[in-house]
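Colleague: This is what each chain is made of:
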Amino acid sequence: MSITYLEAIRQAQAKALADNPNVFIYGQDIGAFGGAFKATKGLFEKYPDRVIDAPISEDAMIGLAVGAAIEGMRPIIEMQFADFSTVGFNQIVNQAATHYWRTNVPCPITVRLPSGGTPGSGPFHSQCMEAIYAHYPGIIVMTPATVEDAYSMLLEAIYTDDPVIFCEHKYLYYHLKADSLPKQSLPAESARITRSGRHATVITYSAMIHEALLAADSLHDDGYEIEIVDLRCVKPLDIDTVLGSVARTGRALVVGEAFPWGGVTAEVISRIASEGFHLLDAPPAKLNARDTPIPYHPDLWRYHRPTASSIKSAIQKLLKD
Amino acid sequence: MADIATQSTGAEIDLPEAFQNAFRWMVLARTFEDKIASVYRAGKIVGGVYVGRGQEAFSAALAVQLNRGKDIYAPLIRDMAGRAAFGEPVIDAARTYLGSAKGSMRGRDGNIHRGSPREGVPAMISHLGAMISVVGGMLFARRLRGELENSVGAACIGDGATSTGSVHEALNLAAIEKLPLVVAIANNQFAYSTPTSRQFACKDLVDRAIGYGIEGINVDGTDLADCLQGFNKALSRARSGKGPQLVVGKLLRLAGHGEHDDAHYISKQMRASSLGKDCLAVARKRMIAENWGSEEDCKVLEEKAIEEVENAILQASGEESPDAYTHDWNACFSERFRDTQSDP
Chain A
955 MSITYLEAIR QAQAKALADN PNVFIYGQDI GAFGGAFKAT KGLFEKYPDR
1005 VIDAPISEDA MIGLAVGAAI EGMRPIIEMQ FADFSTVGFN QIVNQAATHY
1055 WRTNVPCPIT VRLPSGGTPG SGPFHSQCME AIYAHYPGII VMTPATVEDA
1105 YSMLLEAIYT DDPVIFCEHK YLYYHLKADS LPKQSLPAES ARITRSGRHA
1155 TVITYSAMIH EALLAADSLH DDGYEIEIVD LRCVKPLDID TVLGSVARTG
1205 RALVVGEAFP WGGVTAEVIS RIASEGFHLL DAPPAKLNAR DTPIPYHPDL
1255 WRYHRPTASS IKSAIQKLLK D
Chain B
692 MADIATQSTG AEIDLPEAFQ NAFRWMVLAR TFEDKIASVY RAGKIVGGVY
742 VGRGQEAFSA ALAVQLNRGK DIYAPLIRDM AGRAAFGEPV IDAARTYLGS
792 AKGSMRGRDG NIHRGSPREG VPAMISHLGA MISVVGGMLF ARRLRGELEN
842 SVGAACIGDG ATSTGSVHEA LNLAAIEKLP LVVAIANNQF AYSTPTSRQF
892 ACKDLVDRAI GYGIEGINVD GTDLADCLQG FNKALSRARS GKGPQLVVGK
942 LLRLAGHGEH DDAHYISKQM RASSLGKDCL AVARKRMIAE NWGSEEDCKV
992 LEEKAIEEVE NAILQASGEE SPDAYTHDWN ACFSERFRDT QSDP
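Residue numbers (the working numbering), protein chains in the order written: chain A, 955 to 1275; chain B, 692 to 1035.
Quick caveat, the hints were computed from the structure, so don't treat them as lab data. Treat each hint with caution, since some may be false.
[Unchecked claim] 20 Å max Cα-Cα, derived EDC-like pairs, lysine to aspartate or glutamate:
id, chain 1, residue 1, chain 2, residue 2
1, A, Lys992, A, Asp1003
2, A, Lys992, A, Asp1007
3, A, Lys1274, A, Glu1179
4, B, Lys869, A, Asp1007
5, A, Lys995, A, Asp1007
6, B, Lys726, B, Glu994
7, B, Lys976, B, Asp988
8, B, Lys793, B, Glu999
9, A, Lys1240, A, Glu1179
10, B, Lys761, A, Glu1025
11, B, Lys869, A, Glu1025
12, B, Lys869, A, Asp1003
Whole structure, please, built from the sequences with the hints as guidance.
Modeller: Next comes the structure, spelled out in structure tokens:
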């Protein structure tokens, strides 16, 4: 049996609904229709009261989730696309994120953001929003890169007593498969050494892990061993694992699919520079998408975001520095 | 003049009793806010002071008909009267304004942002209209768990907030879900300095109810009895499963937006119009005229309010401020997810 990344997300939600009567899912087209990506397929039939279609009102959807969380529920909000979460931005960053700090009452909501680019999706169905939410205190931001993590981290998100922005990558929905779902897992807040190496470290997360793995495979043929760190959770950041890896390799490339200004890659570079400058044999490098809206045409899209090939070039440059 | 299209469901209001009850909280609110404004002018308050002068009748009339421990009440910035009526102790208001570490917000938020969500009072954020969907979510959760019974949620906004998308989304969602929600719009004619002519173009805000498929009621916000009756009808309908209710109170803000604002932009004509009547003076006169209370009763109430307010201000002024050095600087509840980079 093989399980896709998308199926892992569906099954994590099914398990949470089965295990805890305080869990409910609220989102557009998620009921009988099963969701735009089918991440809730079959769940409405089993839990008709707790898998609920929402109007196209992202602001009110998050507001509703915060109110329900105050009352002890554990809502999961499915944004149809991460890009549309900007309409609910105020409720996420000002209402949910500040709630525990201001009132001492925790706000356990999970906001699922189908994130990232797929060919032909264009400027408004392709964005990576992790950096903008990670910027705000009080929010946890998870960015799983594997089928197993999609499952275990979503369950952790649901049972976390803080707002969690769960960035699930649409490109991985169908492309990524595993044999089974995990019984145990690394805690969500820990980064993982996905591949061991000694010549350079690539620090990345979500779909870029797989591009980095391809780049590392290719460089292996040239005699280079590239270590890959999967951040898994971008807020908080497991900087110890990152610095441990950089200590072994002396070289760091940070890769993100998001826009280049600021963001997760800039944060990781700044932390490496300020906390691990002495570990570096070369200036730390970063690689992001281009600083334009995300193009529709596949031929443009492929050159907008980092790929195995552009990551390989960036590593080669880093190895020469 | 509560123009009710359909007949009221639920219990008839005991007007004299409700009136006396609401009047008491109106007096307390006015007394507190006059005092806190003078403390502000003396430079002893960091941040702003926002008062509900002229809106006490509309505010108290709603909250005296709610039950703490059962209903939900989301006040806005001019709802000191409603807060008191819903059971918020005056000391909490004094502590939050004066920055006592003992206040419900512990110095982390101030003035009118205080709340106690677990006791049915969400703590407002400054983004107008954002609390309506939160109240909706609280009701939604209770219904999911079969614990709604006949409780209601009430959310307060002003005319300015009605221009936000947040209000539209929340009202529409509540209507779809047929939630027992009462949204009170205090149309005080100005959002900060912006008159309603620059805020909306519809003839009357209550007409918006039609668009949401919910019921709406207009009340004279300067007339406590009319406010009580209007809210009674709206609350009865909400409690009996008729879905969200909109109550619009027409009144005038008899103060600036905050105490930093002299409200010079409110014309003399408007102040002298029927909108500009002081609801507290009107209610006091009515109390005595109806023989629901004597002049002497009113004076006793006013003196007791002064004493309660003075004591609260005195107590809160003497309490410790939050200590930045020992403060818990974690924005996350979950220890394992705390980002330690800002730790000293």
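Colleague: Could you run down the list of hints and mark each one as holding or not?
Modeller: Hint check results:
{"no.": "1", "hint": "Lys992(A) / Asp1003(A)", "in the structure": "18 Å, holds"}
{"no.": "2", "hint": "Lys992(A) / Asp1007(A)", "in the structure": "13 Å, holds"}
{"no.": "3", "hint": "Lys1274(A) / Glu1179(A)", "in the structure": "14 Å, holds"}
{"no.": "4", "hint": "Lys869(B) / Asp1007(A)", "in the structure": "14 Å, holds"}
{"no.": "5", "hint": "Lys995(A) / Asp1007(A)", "in the structure": "13 Å, holds"}
{"no.": "6", "hint": "Lys726(B) / Glu994(B)", "in the structure": "13 Å, holds"}
{"no.": "7", "hint": "Lys976(B) / Asp988(B)", "in the structure": "12 Å, holds"}
{"no.": "8", "hint": "Lys793(B) / Glu999(B)", "in the structure": "18 Å, holds"}
{"no.": "9", "hint": "Lys1240(A) / Glu1179(A)", "in the structure": "19 Å, holds"}
{"no.": "10", "hint": "Lys761(B) / Glu1025(A)", "in the structure": "12 Å, holds"}
{"no.": "11", "hint": "Lys869(B) / Glu1025(A)", "in the structure": "19 Å, holds"}
{"no.": "12", "hint": "Lys869(B) / Asp1003(A)", "in the structure": "15 Å, holds"}
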